[in-house]
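Q: In case you want the letters, here they are:
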Amino acid sequence: MNLDEQLRAALNLEAEMQSTPRPDIDGLIRGGRARRRRRNVARIGVAAAAAALVGGGAYGVTQLDGGDDRSQPGFANDPTQSSESTPSITPAPGNQIVDGWEIIGKPQWIPLRNNYHAATVYAVNRTSNNLSPHIGFVLWAAYQESDARGQFEAPCDGIEVSGEPPESRRELFAAPYRERAVAPGEEVLFSCVQIAVGTQANSGPGDVTIDAETARFRSPKWQP
Amino acid sequence: MSIDQDFTDFVGARWAALYRLAYLLTGSPTAAEDLLQTTLEKAYMNWARIGRMDHAEAYVRRVLATTMVSSRRRAWIGEQPWEELPEVAEDSLELPLLDRSLLWPLVCALPARQRAVIVLRYYEDLSEAQIADVLGCAPGTVKSQTSAAFAALRRALAAAGIGQAVENP
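Heads up: the protein sequence lines correspond to chains A and B, in order. Residue numbers for the first sequence follow this note's numbering, beginning at 1 and rising by one. Residue numbers for the second sequence follow this note's numbering, beginning at 1 and rising by one.
Since the hints were made in silico from the structure, they are not lab data. Since the model is a prediction, treat every value here as computed from it, not as a measurement. We put the beta carbon where it would ideally sit given N, CA and C, even for glycine. Possibly wrong hints are sitting among the right ones.
[What the hints assert, rightly or not] Derived list of chain B stretches under chain A, where covered just means 3 residues or more per stretch with a C-beta under 8 Å from a C-beta of chain A:
no.	stretch
1	2–14
2	19–26
3	39–46
4	115–127
5	150–158
[As the list claims (entries may be wrong)] Pairwise CB distance ranges, derived in the manner of DEER restraints:
no.	chain 1	residue 1	chain 2	residue 2	range
6	A	Met-17	B	Asp-34	15 to 23 Å
7	A	Arg-39	B	Ala-13	23 to 31 Å
8	A	Gly-27	B	Ala-138	31 to 39 Å
9	A	Arg-37	B	Asp-54	25 to 33 Å
10	A	Gly-27	B	Ala-17	16 to 24 Å
11	A	Gly-27	B	Ser-28	17 to 25 Å
12	A	Arg-33	B	Ser-147	39 to 47 Å
13	A	Arg-39	B	Lys-143	30 to 38 Å
14	A	Ala-34	B	Ala-151	39 to 47 Å
15	A	Glu-16	B	Asp-34	18 to 26 Å
16	B	Ser-70	A	Ala-34	14 to 22 Å
17	A	Arg-33	B	Ala-129	16 to 24 Å
18	A	Val-41	B	Ala-17	31 to 39 Å
[To be verified] One-sided excerpt, in silico: chain A residues whose CB lies under 10 Å from chain B:
no.	residue
19	Leu-3
20	Glu-5
21	Gln-6
22	Ala-9
23	Asn-12
24	Gln-18
25	Ser-19
26	Ile-25
27	Asp-26
28	Ile-29
29	Gly-31
30	Arg-33
31	Arg-35
All chains should be modelled from the sequences, with the hints used to inform the complete structure.
A: Laid out in structure tokens, this is it:
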């Protein structure tokens, strides 16, 4: 008998000799659901991280370069005007795309809860280490319907985070959801955008809800 | 039929066979349970799609094998390499046929990927091309892994003084 046959016999015998435990099917289903939930959260996290990265950098750079824009009326324009009059690759006032990211397409306005509206644009980071470009979305602007100029109410109730990513991002994403997006109490250097996408198990595209709030860094360095 | 019910039926019907494969791949009852649990949790995540497949069990077996190989790749620190293979019985020299208690520890001592190739080839009766597909590697890799596994087994058998008892395949 050669080694082939010996192996076949040994493996089959070993398998047959092994007593089989009973399956915990409920545990398997619970574990599978938890695994699916973690996968969905991870996917949302990637999108939110991209949004925070692009939105934060954009707002911060604009604050450095064009702080005067904030004093002009119409800081964030009417949604219809904004989406039509703003070229697809030019950020709205108060926004700028960071290096390595490129906006693709026109802003898409989306209704949020409590009469908030926001626009998102898709952005692509072609320098990502991933094999495929890393695509995220950016909160273009958020404002309350009653204030067509887009000025946020004061004071800011967004979470203030400090430090370098990823700690600051984790802190930002761990913040509880807030119903209101309001303006900061003081000028800021950097800003991050927190976006939460809510889904339910087995939901379809129409069941997805998007909530958003701005959360801003304060910086003593900023001088108007 | 609901997804949960379909999945429950599948697990109830195929658990024993999948467990035996997991045991041969891992060489340990507890590791086999862990591996099978992880595999079936992964399968449940996509059961709406997998359950509709013509060969759902083949797909699950593939997930089982790839999960084992990839988990061993990550958890290599959990294994301590030894220069010498496990001790074998003294009286093996006299046996005309190898006892499973001799050969099985040697199979268990093989590196994870080599063990997977041997189990898929001689327990699952898969061809080299099928094994390559399951493990996500080239057929040439399967050949080289098989060859390396056989060489290791022959060395171990020769070291135990029973090298003459087996012939080349």
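Q: Does each hint fit the structure? Answer for all of them.
A: Against the structure, the hints:
With 5 residues bearing a CB less than 8 Å from a CB of chain A, the stretch 2–14 of chain B meets the requirement of three and the coverage assertion stands. Coverage of the stretch 19–26 of chain B by chain A holds in this model, with 5 residues showing a Cβ closer than 8 Å to a Cβ of that chain against a need of three. With 6 residues bearing a CB less than 8 Å from a CB of chain A, the stretch 39–46 of chain B meets the requirement of three and the coverage assertion stands. For the stretch 115–127 of chain B, the assignment as covered by chain A holds, since 4 residues bring a beta-carbon within under 8 Å of that chain's beta-carbons and 3 suffice.
Note: the stretch 150–158 of chain B has 3 residues with beta-carbon separation from chain A under 8 Å; the three-residue rule is met and the coverage holds. With their beta carbons about 20 Å apart, Met-17/A and Asp-34/B fall inside the hinted range of 15 to 23 Å. Taking 23 to 31 Å as the suggested C-beta distance range, the pair Arg-39/A and Ala-13/B conforms, at roughly 27 Å. Restraint check, Gly-27/A to Ala-138/B: a C-beta distance of roughly 37 Å satisfies the suggested window 31 to 39 Å.
Range check, Arg-37/A to Asp-54/B: Cβ separation about 29 Å, and the 25 to 33 Å hint holds. The given range of 16 to 24 Å is respected by Gly-27/A and Ala-17/B, whose C-beta atoms sit roughly 20 Å from each other. Distance hint for Gly-27/A and Ser-28/B: a CB-CB separation of about 20 Å, consistent with the stated range 17 to 25 Å. Under the hint 39 to 47 Å, the C-beta atoms of Arg-33/A and Ser-147/B, about 43 Å apart, fit the expected range.
The hinted window of 30 to 38 Å between Arg-39/A and Lys-143/B holds, with their beta carbons roughly 35 Å apart. Between Ala-34/A and Ala-151/B the CB atoms are about 43 Å apart, so this pair conforms to the stated range of 39 to 47 Å. The given range of 18 to 26 Å is respected by Glu-16/A and Asp-34/B, whose C-beta atoms sit roughly 22 Å from each other. Our hint of 14 to 22 Å for Ser-70/B and Ala-34/A holds, since their Cβ atoms are close to 20 Å apart.
A C-beta distance of roughly 36 Å is found between Arg-33/A and Ala-129/B, which places it outside the suggested range of 16 to 24 Å. Val-41/A and Ala-17/B have their C-beta atoms about 34 Å apart, which keeps the hinted 31 to 39 Å range intact. Hint status for Leu-3/A relative to chain B: holds, with the closest Cβ pair at about 5 Å, below 10 Å. Hint status for Glu-5/A relative to chain B: holds, with the closest Cβ pair at about 9 Å, below 10 Å.
For Gln-6/A, the interface hint holds, the least distance from its beta-carbon to any beta-carbon of chain B being 5 Å, beneath 10 Å. For the restraint placing Ala-9/A at the interface with chain B, the shortest Cβ-Cβ distance is roughly 7 Å, inside the 10 Å limit, so the hint holds. Interface hint at Asn-12/A: satisfied, since its Cβ lies 7 Å from the closest Cβ of chain B, which is below the 10 Å cut-off. Taking 10 Å as the C-beta cut-off, the interface hint given for Gln-18/A holds, the closest approach to chain B being about 5 Å.
Of the supplied interface hints, the one on Ser-19/A holds, with its beta-carbon coming within about 8 Å of a beta-carbon of chain B, less than 10 Å. The interface hint given for Ile-25/A holds, since its Cβ lies 5 Å from the closest Cβ of chain B, which is under the 10 Å cut-off. Interface hint status for Asp-26/A: upheld, as the beta-carbon distance to the closest one in chain B is roughly 9 Å, under 10 Å. About 6 Å separates the beta-carbon of Ile-29/A from the nearest beta-carbon of chain B, less than 10 Å, and the hint is met.
Look at Gly-31/A: its Cβ gets to within about 4 Å of chain B, closer than 10 Å, so that hint holds up. With a least beta-carbon distance of about 7 Å to chain B, the hint placing Arg-33/A at the interface is held under the 10 Å criterion. The restraint placing Arg-35/A at the interface with chain B holds, with a minimum CB-CB distance near 5 Å, inside the 10 Å limit.
The structure is inconsistent with hint 17 alone, although it conforms to all the rest.
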